[in-house]
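Work out the full structure: start from the sequences and follow the hints.
Sequences listed follow chains A and B, in order.
Number 81 in my numbering belongs to position 89 of the first sequence; there are no gaps in the numbering.
Number 401 in my numbering belongs to position 286 of the second sequence; there are no gaps in the numbering.
Think of the hints as simulated: they come from the structure by calculation, not from any bench.
Calculated pairs, SDA-like style, for lysine to any residue (alpha carbon to alpha carbon, straight line, at most 25 Å):
#1 A:Lys17 to B:Ser747
#2 A:Lys17 to B:Ser736
#3 B:Lys285 to B:Leu265
#4 B:Lys487 to B:Val602
#5 A:Lys17 to B:His733
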Amino acid sequence: MVPLSYYLVLSGILFACGVAGFLIKRNIITIFMSIELMLNGVNLSFVAFAAHWHVLAGQVFVFFVMVVAAAEAAVGLAIIIAVYRTRETLNVDQVNLLKL
Amino acid sequence: MTANLNLWMIPILPLAGAAINGFWGKKSSRSAVSTVALFFSGAAFAWALWVALHFSSLQLPYQEYLTHWIRSGNFSADFAFYLDQLSLVMLLVVTGVGFLIHIYSVGYMWDDPGYYRFFSYLNLFMFFMLTLVLANNYLLMFIGWEGVGLASYLLIGFWFTKDSAASAGKKAFIVNRIGDFGFLIGLFLLIQHFGSLNFDQVFGKVQPLGIETTAGLLTAIGILLMVGACGKSAQIPLYVWLPDAMEGPTPVSALIHAATMVTAGVYMVARSHAIFERAPIALTVVAIIGTLTALFAATIGITQTDIKKVLAYSTVSQLGYMFMACGVGAFSAGIFHLMTHAFFKGLLFLGAGSVIHAVGGEQDMRKMGGLKTYIPMTFIVMLIATCAIAGIPPLAGFWSKDEILWKAWEANPIYWVIGAITAFITSFYMFRLLFMTFWGDYKGIKVDDHGQAHATHGHGDHGHGEPHESPMVMLVPLMILAFLSLVGGLVGIHNGFQHFLEPVFGAEFPKAIAEPGNTEWLLMGISVLFSITGLIVAYVLYVSKPYLPQKIADSLNGFYETVLNKYYVDELYAKIFVKPLVDGSTSILWQGVDRKVIDDSVNNAAEGARHVSDEVRHMQSGNLRSYAGWISAGAAVVIAYMIWLGLGR
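Now the structure itself:
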């Protein structure tokens, strides 16, 4: 059996990749995907704990996260499309009307 | 018998009058305002008379407890009243003279736009003054003491649009603060050592103490109380506010700055006689200050040309007599002079008011003269008052002044010599006032246009050509006071007044004088001689040879100038106290502490916050990624910390 720590390390690596992608990337789609990566990193640790402790709550949490992520993806992609139509760019640095 | 006299009603009545006039007077008619003011002050007087009628059947001192005020541990100060022979005399003087002056003011102030305000203040003054004289403890007395100071301030600055009046009010208030400071410290000493401020308890605890031959606790308390009395009763070195206080309306000068308030200091010293009798050093200080003030102020009085200023310095000088009396232990003589002085000095001021009224607001005596044919009634009462203050028998001033001088002789002939010289000077400057005002030819302007004076003292319904007599409402109080000045001294025959006050002051200090001996007759003769000499000298200088005074003044050039300028005391105080205070306040307190420390610390704190924020606000760039970066960095720090904790375990 794979020990719990392996899962957790993988989860941490996935999350860190997500953070790095979020911070580094300029393309709004990539940023979006980085967020999904972070969420899934967290999901992984949830299911790992759930399996380890034999508690269903973690899996329930994961379902919730997936549902919310799906909803978020729908709204987020709609926003991205709307932004692209008006600004004709996917570069977040150019979407800066609200900036100081 | 312990009948309930409801003494508390006596001060409360004028307070009610003050409140009614103060709140609703503005919209009421003049006659309504004067009805209220006269009713409440008259009711207080009637009540006082009623108390006097029942006085002989009372168990003295009669004390009345109204309600408690401060209770803290063993210390207590209550709203309670104290009536004995001394407070009865004060009560009758304050309510009686006060009521007469209220009546007079109806005529005098009739055309003033601040009519209701004037009567409200005047009633307020009565309230505080009656609290002062009826209090059964020093603290309540102090409330009255401060309250009369407030009323005095309000009334000196009554015409507050006039700069000199406003600053005279402030001067009076500030100079009185200095005295009150001494008074307060005296009270603190009393609390510390006797644990009480009640007259009964304090004097009860003082009684067993022996006479202090060297300066000690009682001397310190006595001198501190004396400082307070100096402020209120205008003695050297705090007398400077009283002459300036003449900026107030004349009835105020009569009531507050001659007859009643300024005698509060004398009353307080007399009330504290148990302390003073055991502190001969403090008593000597009182006597010396009184004697010097009497002489000093009298000499200034000679040179003044403003009719009210002469009377003001005369008041200071007469108060000096009262302090001299207290200082030689003759408290009853001091109170006697206080009473007669209230009559004749009140009369002099009201008479001066009538003169000022007659000549349309002029106060300079050089512009008067010959008024005796124009205003004969005023002339007669002024003549009576002048004779009374000059000490011509058998008028009031003679009896009381003679009593004081006799006691002064017994204590130390030097006091007597200075007192007698002062009596001569008093007689001289008072007759000078009388002659300059009423004899000779009228030197004023006989035109209708009186400008400011006209507006102030207004004579709206008739022209102001000739000097004219005042209305009856002003003359009647003058006549009553004149009558009192005539006969008021007779209560002092055979030491009648002294015997009346004996239960308060006791007969032991100094030893009772049984019968007037030859010395007393001799001294009496000398002082009468001095008074008459003063009269004659004044007559020669100001009636028969009116060119002489100028000559004398010229020959005494430097000295005359000095006296005319009141010995430059005001200028001296301005140099020694006021200027360093103003400069120090400006450079150290204002520019130094206030601007550099307080303002700068506040401003710098604000500036600092702005600078820091200026730097920090760049963090809030609106760049989402940088926010995310900060969040992850923070999270990383937290996680690192947790790991470090975990590893450390």
